[in-house]
Structure formats: structure tokens, C-alpha cells
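Protein chains in written order, with this note's numbering: chain W, 1 to 117; chain G, 1 to 115.
In case anyone wonders, no lab produced these hints; they're calculated from the structure. From a predicted model like this one, the values you see are computed outputs, not experimental measurements. No residue lacks a Cβ here, since even glycine has one placed at the ideal position from N, Cα and C. Wrong hints could be hidden among the right ones.
Heads up, incomplete: computed chain W residues facing chain G, CB under 7 Å, no partners named [to be verified]:
1. Y32
2. F35
3. R63
4. K109
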Amino acid sequence: AQTVTQSQPEMSVQEAETVTLSCTYDTSENNYYLFWYKQPPSRQMILVIRQEAYKQQNATENRFSVNFQKAAKSFSLKISDSQLGDTAMYFCAFILYSGGGADGLTFGKGTHLIIQP
Amino acid sequence: DTGVSQNPRHKITKRGQNVTFRCDPISEHNRLYWYRQTLGQGPEFLTYFQNEAQLEKSRLLSDRFSAERPKGSFSTLEIQRTEQGDSAMYLCASSNRDTQFYGYTFGSGTRLTVV
Numbered sequence: 001a002q003t004v005t006q007s008q009p010e011m012s013v014q015e016a017e018t019v020t021l022s023c024t025y026d027t028s029e030n031n032y033y034l035f036w037y038k039q040p041p042s043r044q045m046i047l048v049i050r051q052e053a054y055k056q057q058n059a060t061e062n063r064f065s066v067n068f069q070k071a072a073k074s075f076s077l078k079i080s081d082s083q084l085g086d087t088a089m090y091f092c093a094f095i096l097y098s099g100g101g102a103d104g105l106t107f108g109k110g111t112h113l114i115i116q117p
Numbered sequence: 001d002t003g004v005s006q007n008p009r010h011k012i013t014k015r016g017q018n019v020t021f022r023c024d025p026i027s028e029h030n031r032l033y034w035y036r037q038t039l040g041q042g043p044e045f046l047t048y049f050q051n052e053a054q055l056e057k058s059r060l061l062s063d064r065f066s067a068e069r070p071k072g073s074f075s076t077l078e079i080q081r082t083e084q085g086d087s088a089m090y091l092c093a094s095s096n097r098d099t100q101f102y103g104y105t106f107g108s109g110t111r112l113t114v115v
């Protein structure tokens with residue numbers, strides 16, 4: 001079975017600072033996809049960034065970037081120039097390519113990120 | 001298309017009652033997923049539909065839970081004889097064959113409170 005571990009239940013940084021959220025996962029498969037989702041308070045889950053396991057290049061989306069270390073099974077999210085609107089729960093998630101995605105996403109427990117003014 | 005829609009947003013029910021939630025996915029998405037999210041936890045996979053066929057069910061989906069997607073469009077999730085442990089946010093998500101590995105589109109969820 002696949003597992004996703006987020007070891008930081010809560011983080012707090014000042015506005016404009018850079019913050020890194022950690023995620024590790026466990027699988028014996030070689031082909032999979034990794035995601036970071038953002039869930040603002042009382043609002044829906046939004047995809048932040050996606051990484052294909054077969055790509056060595058780290059994904060970036062504006063202020064968001066990842067550090068993907070396949071051998072270490074690590075997938076951290078870096079948020080640069082953090083903004084008040086970045087305050088949310090952040091979930092790391094994983095899906096296997098095999099099985100056509102029928103097993104669905106496996107999520108970590110989340111990190112509550114608070115951006116202080 | 002306004003995205004994935006879930007109704008109701010909130011449901012309070014007494015223990016032992018039956019409840020039903022509805023999910024309307026993005027119209028061109030043929031894949032639909034139900035997740036359960038308890039307080040302080042990440043979402044946990046419950047079940048998956050491809051068109052009207054229910055192709056995967058988690059062990060979390062006990063006999064009191066049933067999900068349907070009769071015409072391959074909207075889906076319902078019914079919980080019979082609710083228990084306090086069923087209190088959670090129930091999330092629906094959809095995708096299609098081309099987007100399933102690009103991240104699902106989630107609805108806003110239905111928050112169930114069993115008293």
C-alpha cells in the first residue's frame with residue numbers, strides 16, 4: 001500500500017518570507033504522479049502543483065516550486081514571497097499510473113500553513 | 001460549467017437516521033470519486049466510478065454506505081443508520097481519462113454532523 005507522510009502539522013511564517021513544506025511517500029512502483037493541494041478554510045481543494053515521477057526536472061508554478069528527490073521518496077513544496085492568501089491546509093498527494101488511476105489519490109494528513117502579516 | 005457541485009453543504013442528522021448526498025461533476029468528466037475527510041486528516045478514498053460503473057471501493061466503505069451513479073452523470077452517496085463516527089466532510093471529485101493524472105477537480109464538500 002502507498003503512504004504519504006507530512007511531518008509538519010503546522011507552520012507559521014511572516015508575509016513575504018519563503019517557506020518549505022515537507023512530504024515523503026512510500027511505494028514500490030516506479031511510475032506515479034505527485035501533487036500538492038491547497039485547502040483554504042471552508043473552501044474547496046485546489047491543485048497547486050504537479051510532478052511526474054519520470055521527470056527529473058522539478059515543477060514550478062509562479063511562486064510555487066517543488067524539490068522532487070525520487071530516490072529519497074521526498075517531494076517538498078517551496079512557497080516564495082508568501083502572501084496572506086497562502087494561509088491554508090496543504091496536502092501532499094500521490095497516484096499510481098498503473099491501474100489507470102482507479103485507486104485514486106492517496107493524501108497525507110496535511111500541513112496547516114499560517115502566513116502572518 | 002461551474003465545476004463540481006455538492007449538495008447539501010451541511011447536514012446535521014440524528015444517530016440512526018439515513019442521509020444522502022449528491023455530487024454533480026463537470027459535465028465532460030466520466031470519472032467520479034468520493035472521499036471522506038475527518039478533522040485534522042487528509043481525504044481518504046471511498047469509491048470510484050467510471051461512467052455508471054463503480055470500479056473501486058475502499059475498505060472504509062462499510063455495508064452502511066452505498067454510492068450510485070445511475071446515468072453516468074451525477075452521483076449519490078447514502079449512509080444508512082448513521083453513527084457519530086460518520087461525522088466528516090464528504091468530498092466529491094471528477095476527472096476524465098485525459099486529466100486523471102493532472103489532478104482532480106474537487107467540490108466544496110458536504111459536512112455531515114451526526115448528533
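Query raised in the report: Which numbered hints does this structure break?
Result: 1, 3
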